[in-house]
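**Student:** Residues per chain are reported as follows:
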Amino acid sequence: MKLTYRLAALAALIATPLPAVAATIEAVMYKNPQCSCCESYAAYLEQNGFKVDIKSVNNLSQISSDAGVPADLEGCHTLMVDGYVVDGLVPIDVVKKLLTDRPAITGITLAGMPTGAPGMGGEKAGTWTIYAFTKDGKAPTVYATR
Amino acid sequence: MSRCSPSIEIAKGIRVHSDFHHLISRRGFLVAAAVAASASMRPVRASATEERRIKVAPSQVRFTGPDGPHTPVWAYDRTVPGPTLRLRQREPARVVVDNGLDEDTTVHWHGIRLPNAMDGVPGLTQQPIKPGESFVYEFTPPDAGTFWYHPHADSLVQLGRGLAGALIVEEAEPVAVDRDLLWLLQDWRLAKDGQIAAGFGNMMDAAMSGRVGNVVTINGVALADQKVRAGERIRLRLANASLARIMALRFEGHRPVVVAIDGQPCDPHEPDGGGLVLAPAMRIDIVLDMQGDPSKRYAVTDDFYDGLAYTLTNLVYDTGPPLRPHPLDAPVRLPANPLPSPDLARAERQEIVLQGGMMGGGRLAGVGGMMGMGMPGMNGEAAWAINGTSMTGDGHAGMAPQFTLKRGATCHLTMRNETAWWHPMHIHGFSMSVLSRNGSPVPHRQWQDTVLLAPKDTIECAFVADNPGDWMLHCHVADHQMAGLMTVFRVT
Numbered sequence: 002m003k004l005t006y007r008l009a010a011l012a013a014l015i016a017t018p019l020p021a022v023a024a025t026i027e028a029v030m031y032k033n034p035q036c037s038c039c040e041s042y043a044a045y046l047e048q049n050g051f052k053v054d055i056k057s058v059n060n061l062s063q064i065s066s067d068a069g070v071p072a073d074l075e076g077c078h079t080l081m082v083d084g085y086v087v088d089g090l091v092p093i094d095v096v097k098k099l100l101t102d103r104p105a106i107t108g109i110t111l112a113g114m115p116t117g118a119p120g121m122g123g124e125k126a127g128t129w130t131i132y133a134f135t136k137d138g139k140a141p142t143v144y145a146t147r
Numbered sequence: 012m013s014r015c016s017p018s019i020e021i022a023k024g025i026r027v028h029s030d031f032h033h034l035i036s037r038r039g040f041l042v043a044a045a046v047a048a049s050a051s052m053r054p055v056r057a058s059a060t061e062e063r064r065i066k067v068a069p070s071q072v073r074f075t076g077p078d079g080p081h082t083p084v085w086a087y088d089r090t091v092p093g094p095t096l097r098l099r100q101r102e103p104a105r106v107v108v109d110n111g112l113d114e115d116t117t118v119h120w121h122g123i124r125l126p127n128a129m130d131g132v133p134g135l136t137q138q139p140i141k142p143g144e145s146f147v148y149e150f151t152p153p154d155a156g157t158f159w160y161h162p163h164a165d166s167l168v169q170l171g172r173g174l175a176g177a178l179i180v181e182e183a184e185p186v187a188v189d190r191d192l193l194w195l196l197q198d199w200r201l202a203k204d205g206q207i208a209a210g211f212g213n214m215m216d217a218a219m220s221g222r223v224g225n226v227v228t229i230n231g232v233a234l235a236d237q238k239v240r241a242g243e244r245i246r247l248r249l250a251n252a253s254l255a256r257i258m259a260l261r262f263e264g265h266r267p268v269v270v271a272i273d274g275q276p277c278d279p280h281e282p283d284g285g286g287l288v289l290a291p292a293m294r295i296d297i298v299l300d301m302q303g304d305p306s307k308r309y310a311v312t313d314d315f316y317d318g319l320a321y322t323l324t325n326l327v328y329d330t331g332p333p334l335r336p337h338p339l340d341a342p343v344r345l346p347a348n349p350l351p352s353p354d355l356a357r358a359e360r361q362e363i364v365l366q367g368g369m370m371g372g373g374r375l376a377g378v379g380g381m382m383g384m385g386m387p388g389m390n391g392e393a394a395w396a397i398n399g400t401s402m403t404g405d406g407h408a409g410m411a412p413q414f415t416l417k418r419g420a421t422c423h424l425t426m427r428n429e430t431a432w433w434h435p436m437h438i439h440g441f442s443m444s445v446l447s448r449n450g451s452p453v454p455h456r457q458w459q460d461t462v463l464l465a466p467k468d469t470i471e472c473a474f475v476a477d478n479p480g481d482w483m484l485h486c487h488v489a490d491h492q493m494a495g496l497m498t499v500f501r502v503t
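Here the protein sequences come in this chain order: A and B. When the first sequence is numbered by the working numbering, its final residue is 147 and no position is left out of the sequence of numbers. When the second sequence is numbered by the working numbering, its final residue is 503 and no position is left out of the sequence of numbers.
To be clear, the hints were calculated from the coordinates, so they are not data collected in a lab. Just so it is clear, the structure is predicted and the values come from calculations on it, not from any experiment. Watch out, some of these pointers could steer you wrong.
Said to hold, decoys possible - From the structure, some residues in chain A lie toward chain B, with a derived Cβ separation under 10 Å:
no.: 1; residue: N33
no.: 2; residue: P34
no.: 3; residue: C38
no.: 4; residue: T101
Positions of the beta carbon are idealized from the N, C-alpha and C atoms, including for glycine.
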């Protein structure tokens, strides 16, 4: 299964021009064992050049809290990638922008599970606000909107 | 000061009772004959009221044994779990509860069919017990079996900080087993320093599987071996007092026989697939014939959550020869409890639909969450609903009943889970005959007060509405209850 994912990722790498992020990027995803959309999101990441190690945990909110994600902005899983926290169903172009720009923040988050987001079904409704957060007690700031 | 005078009598009651309990626990291995003998040596009590007094207050415990770190908890009589209350079937009990917390509390006698005013739901069945005040609970348990008690005020925090205890109602005639054991299971979310983690009421927990923890204790202790003897027959009472953790227990090398669910005897049977699924608030009594080898260890594991199986404990056989060459011959069936039989032909049909949560498909739009950011439970809003209505919290005055039943009528209740999550649905004041799951008849004549619904499950059950009052029906994943998965029905 993992090999299939890697091949798919490789195919995606060859097929898609990735100017900033060229090599396979390792990521660790912490998710609730009973949440299925996170697995779809992991597959989406793997199709876009990532290799995702999925770890099921029962204390996701504890992990995301420890990772600095503001309690009212939690996404449905927590991803650790290349020194950043990416929480929730953040679209791939925003993740890649983060890893390319490398701002001085702890991570970014898309709260909740908006309909139409990667990994979710349905039609996108309204604007998604992806917030940047730090661990220094400052208020989250808008990182991107989609 | 007038409140103090009855405590002298009650204190006597406690001493008598705990002496007896102590005697049992020190005896160690007993043969069935000895159990019968000890029963006949009990002090003669001609239906005297069993008097107890319990204090609710902060305390400290060590989950990992005498060398482990102290964890501040809230406790009944300073212990976690609280003292095991042993009552006798059809004999009256009077329990005084003193509130030593800084917040209101109540006690719910989970699974006991009792008068509505004794049910312990704040606002709905009683005024909450304020700090420094007391409340007298009086009831006569009609059913023998394994029950438990816990707060119904600030439920998520109070249960999560340790307030839970077993309530065992003994059969009029003792059951033929060598030992009668209780495992009260509690799940704790501890931080790295061994303290109970902050974050009660986190919206992600509330809208997903609840505050599942990272340490599971048996009778207040994590990962301690359970000593057993070859050849003995054990009645093991399993009670899941967790906030949210569902368990699927497997007994390596052993074949547990289920004899009661939620305190109510059923046809003795081995569980499907060998695992015992025990959701929060559920109890299962099993009979275990210890047919393993002396000196060997057998793991008891919980593999409910995919990829997160762990060893709960080990059954460790002592080195002695088997107590008897063959398993005990005595039947394992428990005597029936006096439950009224539903009259399905003339039943009143009611339906409860569970809605909301993460991946809930936006069903909660209009009652709270699932709008805008798609985060149910955000900003203190409801994450869940029953039939489109979210009752949040623990219970309060003026909760309008979802439906009303005429006293004596049979209620044929359908519970439909439209959500993507598991829900142990608890009915107050009644035990329900579980008829079918997803159209298939449920075997073994199971009566339950807490019925676990898997995602998308439909359960049919029935009960006789013989007990007047406003009764709660709610999910026993504490976060789910607090965030809207609760309703009330009335029996006139």
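**Student:** Hints first: check each against the structure and report whether it holds.
**Tutor:** Each hint tested on the structure:
1. Annotation: N33(A) was flagged as interfacial toward chain B, and the flag holds, the nearest CB pair being 5 Å apart, inside 10 Å.
2. Evaluation of the P34(A) hint against chain B yields a held restraint, the C-beta minimum of about 4 Å falling below 10 Å.
3. Satisfaction of the interface hint for C38(A) is found here, the shortest Cβ-Cβ separation to chain B being roughly 6 Å, below the 10 Å cut-off.
4. Interface hint at T101(A): violated, since its Cβ lies 26 Å from the closest Cβ of chain B, which is beyond the 10 Å cut-off.
Going through the hint list in order, the structure does not satisfy hint 4, though it satisfies all others.
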